[in-house]
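First to last, the protein sequences are chains A and B. Heads up, the first sequence is in UniProt numbering, so the first residue is 1 and it goes up one at a time. Heads up, the second sequence is in UniProt numbering, so the first residue is 1 and it goes up one at a time.
Bear in mind the hints are in silico, worked out from the structure with no lab data behind them. Virtual Cβ for every residue (Gly too), placed ideally from N, Cα, C. Any given hint might turn out to be false.
[Stated by the list, open to error] Which stretches of chain A does chain B cover? Using the computed rule of at least three CB atoms under 8 Å from a CB of chain B, they are:
#, region
1, 5-14
2, 26-36
3, 267-273
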Amino acid sequence: MADELDLLRRANPVPTDAPSFGDRSLDHNAERRLNRLLHDRTAAGRRPRLLWSLVAASVVVVTALTLLLSGPNTTPAVAAPRPLVVRAGSAPVSLDLLADRAEQAAADGAPGLRKGTHAQSWSLGMSDDKPPITLPLERIVRWKADDSRTELVVATDPGHPGRPVLTDQGGTPRLVDDGHVISRRTYPPSWSDAPPEATPPHDAVRLRAYLQEAAYTQTALTTPELFDAVGALLDHWTLGARESAALARLLADTEGLRPMGGVTDRLGRNGQAYEYRAPGLRRMLIMDPSTGAVLGLESTFTKDDPQYGVESGDVMEYSAWMR
Amino acid sequence: MSNDEIFAAAYREHYWAVSRYVARRWGGHASEVEEVVAEVFTVAWRRRADLPPSPLPWLYGVARNCLANAVRGRGRLRRLVDRLGNDDTAHGRHIAAGPEADTPGGWVHDALARLSPADQEVLRLTAWEELGIEEVAVVLGCGQRAASMRLHRARGRLRAEIDRMRPATGPHPSKEHGHG
Chain A
1 MADELDLLRR ANPVPTDAPS FGDRSLDHNA ERRLNRLLHD RTAAGRRPRL LWSLVAASVV
61 VVTALTLLLS GPNTTPAVAA PRPLVVRAGS APVSLDLLAD RAEQAAADGA PGLRKGTHAQ
121 SWSLGMSDDK PPITLPLERI VRWKADDSRT ELVVATDPGH PGRPVLTDQG GTPRLVDDGH
181 VISRRTYPPS WSDAPPEATP PHDAVRLRAY LQEAAYTQTA LTTPELFDAV GALLDHWTLG
241 ARESAALARL LADTEGLRPM GGVTDRLGRN GQAYEYRAPG LRRMLIMDPS TGAVLGLEST
301 FTKDDPQYGV ESGDVMEYSA WMR
Chain B
1 MSNDEIFAAA YREHYWAVSR YVARRWGGHA SEVEEVVAEV FTVAWRRRAD LPPSPLPWLY
61 GVARNCLANA VRGRGRLRRL VDRLGNDDTA HGRHIAAGPE ADTPGGWVHD ALARLSPADQ
121 EVLRLTAWEE LGIEEVAVVL GCGQRAASMR LHRARGRLRA EIDRMRPATG PHPSKEHGHG
């Protein structure tokens with residue numbers, strides 16, 4: 001009779017030529033995940049989390065601009081938003097003081113940490129040969145008890161309610177109605193225990209190690225890398241008071257952050273702004289002045305970049321996180 | 001080539017092999033397998049500096065740990081055990097009910113499931129992933145001699161389980177499952 005290994009070979013439940021898993025080129029999802037691994041990190045210093053936009057915008061077509069210029073009667077909400085402006089005369093609050101406030105606010109542990117996120121973002125899609133475009137999105141991720149999750153992505157710009165919104169859904173920029181659903185996906189249960197999927201700690205030292213792991217690096221995070229990691233964290237979790245306090249303390253211990261004063265963010269919330277300047281780019285962190293929660297993160301070009309048609313003062317990306 | 005380029009090449013070359021590895025052991029929907037495989041390559045990405053010249057056995061080792069973590073981390077032990085130990089689809093019982101059937105899927109899976117997890121894995125790596133003993137050693141993180149010994153013993157125990165099943169299942173497997 002056949003020996004035991006032969007029998008086992010013939011009982012292979014997923015043979016090499018199985019339809020679902022047979023050798024072939026990468027499918028779309030596999031390609032996307034590879035790109036994310038390769039580019040999310042390398043983009044950290046220069047154009048954080050925007051390589052997808054570069055890729056998508058490489059197919060920007062003139063028809064989109066024609067639409068924008070000659071479009072419907074309602075003025076479309078496509079103008080690139082201006083950077084936040086610090087309120088004249090407002091007193092800057094030091095991060096140390098903000099971290100103290102956050103720790104006091106977290107004394108009762110409320111509100112609590114919640115997995116999932118609710119964010120509004122505006123990001124610039126750039127290309128080598130077309131003017132940049134701003135893509136406003138609202139993204140809501142909700143987790144269920146069985147560890148599955150739903151993700152809803154909607155084209156909307158709260159600064160221009162009811163007006164058509166630009167999207168690059170499908171790879172070609174076009175105008176859609178405010179609130180147009182770009183994607184609604186349900187993901188099966190996920191069991192990853194690696195940051196930023198893992199539960200974030202609520203002390204500053206462990207949170208720093210957590211963010212370092214989330215950034216896929218084995219060396220201490222630079223400030224721009226830290227900003228990116230914070231963005232990734234907030235794109236996965238709605239922090240509770242204790243985690244926000246830890247994050248505020250961590251930021252207070254971070255070099256290069258300069259308190260700028262009060263701002264009103266794009267969702268109309270009162271915030272304190274903290275600036276970090278890198279060559280060609282200004283990062284601004286917006287934090288709640290009483291709880292220390294991170295409300296938003298804005299990246300603005302500080303010099304022209306003709307290759308992508310951007311000018312100093314253009315907002316490269318802005319994310320605003322909500323509970 | 002940089003580490004990143006080497007990683008990308010390994011990803012492209014072995015993505016489906018790693019997917020099959022996971023699918024053979026997880027037995028869930030393709031979307032679940034995809035999630036696990038994504039985790040495997042995320043971990044591999046973090047450790048890409050360690051990627052050996054022949055990366056597939058190493059990737060299998062990462063996948064093995066990810067599957068184990070998946071079970072431990074999310075309390076899905078029962079689910080995986082069910083899939084590996086009792087699930088009809090994983091066992092191929094929907095294909096073959098006994099030694100008299102055309103394919104040995106079901107009852108060989110039954111015999112396999114009676115072995116220890118370590119025995120099962122060394123046998124699967126050899127029969128399903130078609131690894132040589134040197135590669136099996138990489139996946140298991142042990143020396144070649146130890147891997148060879150494990151395989152030898154596991155084969156003997158699988159043989160014994162198959163023999164034990166004969167009286168209960170009727171016709172002699174050798175008559176029903178000759179080569180070819």
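Right, here's what the structure says about each hint:
1. With 10 residues having a beta carbon nearer than 8 Å to a beta carbon of chain B, the region 5-14 of chain A meets the requirement of three or more and the stated coverage holds.
2. Requiring three or more residues with a Cβ within less than 8 Å of a Cβ of chain B, the coverage given for the region 26-36 of chain A holds, as 5 such residues are present.
3. Note: the region 267-273 of chain A has 0 residues with beta-carbon separation from chain B under 8 Å; the three-residue rule is not met and the coverage is violated.
Hint 3 from the list above is the single one not met by this structure.
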